[in-house]
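The residues making up each chain are set out below.
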Amino acid sequence: MNFRLSDEQREMSETVRRFARARGDSGARRVAFESETGHDAAFWRELMALGVGGVVLPERHGGLGLKLIDLALVAEALGYAAAPGPFLGHVLAGLAIDLCGDAAQKQRWLPALAAGEAIAAIAIAEAGDRCRPEASQIGVRNGALTGEKRDALFPELADVIVVATADGFALVEKGAAGMTFTPRDGADRTRRLSHIAFARTPAELMPTRAEAAIGDAALVLLAADAFGGASRCLDMAVEYAKTREQFGRPIGAFQGVKHQLANMAVDVEPARGLFWYAAYVFDAAPEERARMAAAAKAHIADVYMQAARLMIEIHGGVGYTWDHDAQIYFKRALFDFAYLGTPSRHRDRQAALAGWSARAHA
Amino acid sequence: MNLDLGPEYAAFRAHVADFLARHWPPAPGADPAQAAAAFRREAVEAGFLYRSVPRIYGGGEQAPDPARARIIREEFARAGAPRELEGPGVSMLVPTLLARGADWQKERFIPKTLSGEIIWCQGYSEPGAGSDLASLRTKAVLEGDEWVITGQKVWTTLAHLAHYMFILVRTEPDAPKHEGLSYLLLDMKQPGVTVRPLKQMTGGREFNEVFLDGARTPAHWIVGKRGEGWAVSRTTLKHERDAIGSSARTEDMFAKLVQLARSVEIDGAPAIERADIRQALARIEGYVLAQRYSSFRAQSMSNAGEEPGLIGALNKLNGAEIGHRIAALAQELIGDDGLSMPPLGRKGGARGHEKWVNQIMGSLGVAIAGGSSNIQRNVIAERALGLPRGHGDGA
Chain A
1 MNFRLSDEQR EMSETVRRFA RARGDSGARR VAFESETGHD AAFWRELMAL GVGGVVLPER
61 HGGLGLKLID LALVAEALGY AAAPGPFLGH VLAGLAIDLC GDAAQKQRWL PALAAGEAIA
121 AIAIAEAGDR CRPEASQIGV RNGALTGEKR DALFPELADV IVVATADGFA LVEKGAAGMT
181 FTPRDGADRT RRLSHIAFAR TPAELMPTRA EAAIGDAALV LLAADAFGGA SRCLDMAVEY
241 AKTREQFGRP IGAFQGVKHQ LANMAVDVEP ARGLFWYAAY VFDAAPEERA RMAAAAKAHI
301 ADVYMQAARL MIEIHGGVGY TWDHDAQIYF KRALFDFAYL GTPSRHRDRQ AALAGWSARA
361 HA
Chain B
1 MNLDLGPEYA AFRAHVADFL ARHWPPAPGA DPAQAAAAFR REAVEAGFLY RSVPRIYGGG
61 EQAPDPARAR IIREEFARAG APRELEGPGV SMLVPTLLAR GADWQKERFI PKTLSGEIIW
121 CQGYSEPGAG SDLASLRTKA VLEGDEWVIT GQKVWTTLAH LAHYMFILVR TEPDAPKHEG
181 LSYLLLDMKQ PGVTVRPLKQ MTGGREFNEV FLDGARTPAH WIVGKRGEGW AVSRTTLKHE
241 RDAIGSSART EDMFAKLVQL ARSVEIDGAP AIERADIRQA LARIEGYVLA QRYSSFRAQS
301 MSNAGEEPGL IGALNKLNGA EIGHRIAALA QELIGDDGLS MPPLGRKGGA RGHEKWVNQI
361 MGSLGVAIAG GSSNIQRNVI AERALGLPRG HGDGA
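Those sequence lines, one after another, are chains A and B.
Residues in the first sequence are numbered consecutively from 1, following our numbering.
Residues in the second sequence are numbered consecutively from 1, following our numbering.
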């Protein structure tokens with residue numbers, strides 16, 4: 001048994017973490033958060049230059065040919081930095097094209113997505129709490145897509161949007177006719193969401209069906225992001241408790257604060273193993289994929305939310321201000337909690353996938 | 001990263017099952033105790049039990065591998081076969097001797113402890129030294145080639161049955177409190193040792209007070225050097241905490257909880273089909289899975305000589321917290337069986353699910369033994385998170 005990172009895995013995630021943290025802490029996160037679009041083109045270019053756009057894409061299409069665990073480690077590093085931008089939609093769309101597209105579709109898009117020369121988005125959710133791609137109802141008729149998707153990440157920026165439909169994933173190109181975006185006034189301003197209405201929009205179906213797998217990959221990456229964010233909340237709270245003085249000593253000297261921080265650590269740190277495992281089985285044991293993805297998203301989204309609450313509480317008044325980045329982490333936690341289904345929805349799936357019934361004695 | 005969840009592990013499971021089919025249950029009419037002992041010898045020989053202990057000391061000597069260990073646990077449980085013995089000797093003293101003991105101590109004590117011929121108790125807590133263990137006052141004085149020990153120990157599990165005690169005593173009264181302790185081994189069957197049982201809230205009597213009045217032990221029955229007792233006891237405490245916080249323990253308990261939810265009905269419907277119960281189970285399972293795969297990670301890293309970091313300090317508190325959550329849901333599930341005082345012991349004449357009341361009480365024991373949860377929080381905060389030391393208990 002070997003459940004540890006290789007030197008290469010560690011090096012890549014450390015590189016992304018160092019870059020995202022340095023740039024995020026020195027202003028990129030805040031600037032994007034306050035900006036009109038939430039996108040920092042220079043930050044995105046440099047991130048893509050690290051190879052992050054093609055982690056799981058095949059080498060023949062310009063990717064690194066790695067596994068979902070490697071991509072999840074990148075997502076963790078970006079979550080740690082609360083890095084802004086279209087990463088999540090971009091990599092999920094790329095994975096969908098790789099799993100579902102024909103040779104021409106892959107050739108057209110994957111090299112550009114891997115290199116970061118093009119940006120991709122993915123549209124999964126629909127009204128009525130349909131947060132799984134396989135539950136999509138809108139369809140493609142005679143090469144045209146009509147209907148509405150909700151809460152796609154940065155679709156306005158995208159050169160190509162991968163749209164989950166009842167007939168599989170479809171590709172819609174930038175500027176396609178009949179497509180309108182309605183931005184959500186989102187809480188997490190590092191990851192902007194828009195609803196998309198399609199009215200007989202030209203769309204190209206991809207031949208292979210893998211909606212469930214893409215839905216699971218999305219949950220794993222959200223769990224990884226949430227773990228990164230939660231561990232940053234712990235680090236920030238510990239750091240603040242060591243430096244902030246009241247009653248003539250650092251507040252971290254008080255047992256009440258110590259115990260809160262210890263409780264945070266006990267919730268946060270073990271969750272690392274869960275998102276690793278969910279990412280690992282995505283490739284290594286597909287029969288466990290759906291259940292572990294659901295469990296990881298449900299558990300770690302809750303952990304992040306709680307860590308963000310406690311982190312702000314420990315910061316006191318300054319943590320409640322707009323100007324402190326504590327609020328950005330809190331809002332990232334809101335996003336990871338609600339996006340593509342709340343924890344309780346995924347716990348329902350986790351229970352169903354476990355075969356928990358009175359009859360089955362598995 | 002490779003968990004080998006595939007063919008190699010399936011083959012290992014088949015290998016374990018095949019072993020069990022050949023060795024358990026014993027022939028009808030065999031003496032149960034002798035049959036269990038004989039089975040354990042075979043299972044150690046096959047490398048299934050005491051996997052971390054070298055063969056020269058009666059262990060199975062295998063590379064650490066939680067996935068294989070889990071397969072063994074599952075298959076042994078399925079077959080109803082005897083597993084490793086429990087208790088302070090196996091879980092705490094053996095690892096401590098392996099790490100810090102003299103060769104003669106390992107040879108003399110480890111094999112017979114693993115086989116169950118020697119039973120140990122742990123002499124740590126005293127009436128005035130619980131969480132503040134290093135303030136203990138039981139003293140040992142060297143007279144000729146013997147230590148003479150005077151004092152009192154308390155909450156001493158199994159003292160009434162134990163042949164020996166591993167005991168923390170003050171041997172250097174003038175040294176600072178942590179540097180004045182030594183770790184001795186002591187024969188319990190002697191005139192200077194008096195054991196008085198204490199009844200626990202479960203009704204059980206595994207707990208004892210132990211009075212030491214001129215008890216004697218040879219000078220070389222010391223583990224480590226004089227004054228090193230605190231460091232040696234940390235080795236043991238770490239093993240106690242790891243045992244209490246192990247993911248195997250919580251996984252087993254969670255599996256039983258799921259079985260309980262399958263078997264009980266609430267308002268005429270199976271509990272496990274109710275949305276609220278499923279949510280509660282899934283929530284707990286999140287913690288169980290997180291603990292399990294973090295322990296895989298930590299084990300893999302220590303196998304590779306790497307330091308797994310924060311997680312090592314969290315195990316015990318994490319296990320205790322999961323135990324609380326399992327207890328709370330079990331209480332909901334057993335309904336009015338929770339009004340009953342369960343019969344003692346594992347078998348007993350339980351009619352319904354009242355034996356869960358033992359687990360519900362036992363989960364509290366887990367939160368207290370081996371360093372209470374609040375002490376764990378202090379340790380995590382100060383040693384793992386680097387917060388200022390001290391009690392900080394007022395302005």
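Calculated from the structure, these hints are not laboratory results.
Bear in mind that the values here come from a model prediction, so they are computed numbers and not experimental data.
Honestly, I wouldn't trust all of these hints.
As the list claims (entries may be wrong) - DEER-style ranges, computed between Cβ atoms:
#1 B/374 - A/6: 24 to 30 Å
#2 A/245 - B/128: 31 to 37 Å
#3 B/197 - A/6: 53 to 59 Å
#4 B/134 - A/316: 46 to 52 Å
The beta carbon of each residue, even a glycine, is placed where N, CA and C say it ideally should be.
So, going through the hints one by one against the coordinates:
no. : hint                      : verdict
1   : B/374 - A/6: 24 to 30 Å   : violated (39 Å)
2   : A/245 - B/128: 31 to 37 Å : holds (35 Å)
3   : B/197 - A/6: 53 to 59 Å   : holds (55 Å)
4   : B/134 - A/316: 46 to 52 Å : violated (35 Å)
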